[in-house]
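Counted the way the UniProt record's numbering counts, the sequence shown spans residues 1 to 241.
Hints listed in this document are in silico derivations from the structure and should not be mistaken for laboratory results. Some hints could be false.
Claimed, not checked - Derived pair list, reagent style SDA-like, types lysine to any residue, alpha-carbon separation capped at 20 Å:
id	residue 1	residue 2
1	K202	D167
2	K193	Q158
3	K115	K128
4	K15	Q158
5	K79	Q158
Note that the coordinates shown come from a computational prediction; the quantities given were computed from them, not determined experimentally.
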Amino acid sequence: MRKKTSWNINTHIQKHFKDLVFELNKLGINQISQKEKNIFFQAFTHTTFHNLYKAKSYEMLEFLGDAILQKNVSEYIFKNTESNKINPGTATLIRSKLVNKTCLSNLAKELKLDKFLLLPKGQEELVKNEKVLSDLFESLCAAIYITKGNDVLEVFLQKYLYPKMQDLEYKTLKNAKGRFQEIFQATTKSAGKYVISFDEEKKIYEAKLIHSETIYGIGYGKNKKEAEQNAAEDALKKLVI
C-alpha cells in the first residue's frame, strides 16, 4: 500500500510540474533545462509539502527573491522617475507599495501562479493566503534570476510588475498629508504628529508637523484640517531633491 501511495504522489508531481513548465513558457521563460526545472519546482513547493515529503521548499528562494526585488525595483524607480525630481521618501514609499505582500499576491493570482503551488492534501486553503502568494512570487523571481540571469528577470518584471508603478505613483503623490505619514511609516515605522495652535489676533490656525522632535513643516489655515494639509505640503517641499 505504501508503494502505491508513493507512486501516486510521484505521478501527481510529474503532471503538476509538466503543467508548470508549460505555464512558465507562456510567461516568457523558455528553454528550461532539467537542472533549471528542479529550481523552478523548488520555487513552487510550499513548506508544508517539504515537511511531509522532504522535498526542497521555496523558503530560501523567497529570501533571495525579496532582496533581488528590492534592488531591481529601486533601480527601476531611480531610472524612471529621476526627471520628475521625486524625493527619496516618496520613492521609498512607491517601492514599498510595489513589493508589499498585497501587490505581489494580487500579481501572483493574475499570473495564475497559485494554481501551481505544491501543497499536501488538506492544505489547499493556503493558496488564498496573501503572504504565501507574495512569497511564491518572490521565490519565482529568485528562480528566474538563478537560472536565466537578471536580464531575463528584468524583462519579466517590466512586463508584469513595473506597469503597476504608474498607478501607485499617482495615488502616492495625490495627498500631501497622507504621503508624509506613509513615507515616515515606511522608513521609520512611526508617523509624524501635528501640533495645532490658534492665533487669536489673525484668526488663523497654525500647524507644526513634528517627527522625532524635529519640525518638518509649518502650515496655516482657516481650520485645523487646512493647516495640517499645508504643513504636510511644506514638509514635502523640503524633502524634494
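Going down the list of hints, with the structure as the test:
Using a Cα cut-off of 20 Å, the hinted pair K202 and D167 is violated, with the two alpha carbons roughly 41 Å apart. Under the criterion of a C-alpha separation no larger than 20 Å, the hint pairing K193 with Q158 is inconsistent with the structure, at around 38 Å. Between K115 and K128 the alpha-carbon distance is near 11 Å, which keeps this suggested pair within the 20 Å criterion. Taking the CA atoms of K15 and Q158, the gap is about 30 Å. The hint is violated against a cut of 20 Å.
Between K79 and Q158, the direct Cα distance comes to roughly 13 Å. Compliance with the 20 Å bound is thereby established for this hinted pair.
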